[in-house]
Amino acid sequence: MPWGEANIRKVARYCNVSPRRLQRLLAGESTSLSELIEQVRREVGLELLTNGRTSIAEVSSAIGYESPSILISAVKGWTGKTPSELVLESNR
Numbered sequence: 001m002p003w004g005e006a007n008i009r010k011v012a013r014y015c016n017v018s019p020r021r022l023q024r025l026l027a028g029e030s031t032s033l034s035e036l037i038e039q040v041r042r043e044v045g046l047e048l049l050t051n052g053r054t055s056i057a058e059v060s061s062a063i064g065y066e067s068p069s070i071l072i073s074a075v076k077g078w079t080g081k082t083p084s085e086l087v088l089e090s091n092r
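In terms of full-length UniProt numbering, the sequence shown opens at residue 1 and continues consecutively.
Hints in this document: simulated from the structure, not taken from any laboratory.
Since we're looking at a predicted model, the values are computed, not measured.
Glycine included, C-beta positions come from ideal geometry on N, C-alpha and C.
A couple of the hints might just be wrong.
To be verified - Okay, the calculated beta carbon distance ranges per label pair: (1) Ile72 x Glu5: 20 to 30 Å; (2) Ala62 x Thr82: 16 to 26 Å; (3) Asn91 x Arg20: 16 to 26 Å; (4) Lys10 x Ser61: 18 to 28 Å; (5) Ser67 x Tyr14: 22 to 32 Å; (6) Ser67 x Glu47: 18 to 28 Å; (7) Glu38 x Thr82: 17 to 27 Å; (8) Gln23 x Ser55: 34 to 44 Å; (9) Leu25 x Arg53: 27 to 37 Å; (10) Ala57 x Glu5: 13 to 23 Å; (11) Ser30 x Trp78: 18 to 28 Å; (12) Ile72 x Arg24: 13 to 23 Å.
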């Protein structure tokens, strides 16, 4: 399922549970679907950036951001660094 299409109904259907059950399960883990999606985006995005083989535009698209500028802002928020700085650090 593409990132932009993820919503509680679709994810619940994919997991074969009701939307309400999924919400309760997520609440039991002190999270929400939007927080979980953002966490996965962060983990996947940072991994792709630091592997040094994926461009910022490709990473942005892969994790469901509409433009590289959104990814750049997100990475700065997550790490305090630009994607380019992360790539340089990972190559050391």
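Cross-check of the supplied hints:
1. Ile72 x Glu5: 20 to 30 Å: holds (23 Å)
2. Ala62 x Thr82: 16 to 26 Å: holds (18 Å)
3. Asn91 x Arg20: 16 to 26 Å: violated (47 Å)
4. Lys10 x Ser61: 18 to 28 Å: Given range 18 to 28 Å: holds, Cβ gap about 20 Å.
5. Ser67 x Tyr14: 22 to 32 Å: With Cβ atoms ~27 Å apart, the hint holds.
6. Ser67 x Glu47: 18 to 28 Å: holds (20 Å)
7. Glu38 x Thr82: 17 to 27 Å: About 19 Å separates the Cβ atoms of Glu38 and Thr82, which means 17 to 27 Å holds.
8. Gln23 x Ser55: 34 to 44 Å: holds (36 Å)
9. Leu25 x Arg53: 27 to 37 Å: Hint holds: Cβ distance 35 Å, inside 27 to 37 Å.
10. Ala57 x Glu5: 13 to 23 Å: Roughly 20 Å apart at Cβ, these two residues keep to the hinted range, so it holds.
11. Ser30 x Trp78: 18 to 28 Å: holds (20 Å)
12. Ile72 x Arg24: 13 to 23 Å: Violated: the Cβ-Cβ distance is about 36 Å, outside 13 to 23 Å.
Consistency note: the structure conflicts with the earlier hints numbered 3 and 12.
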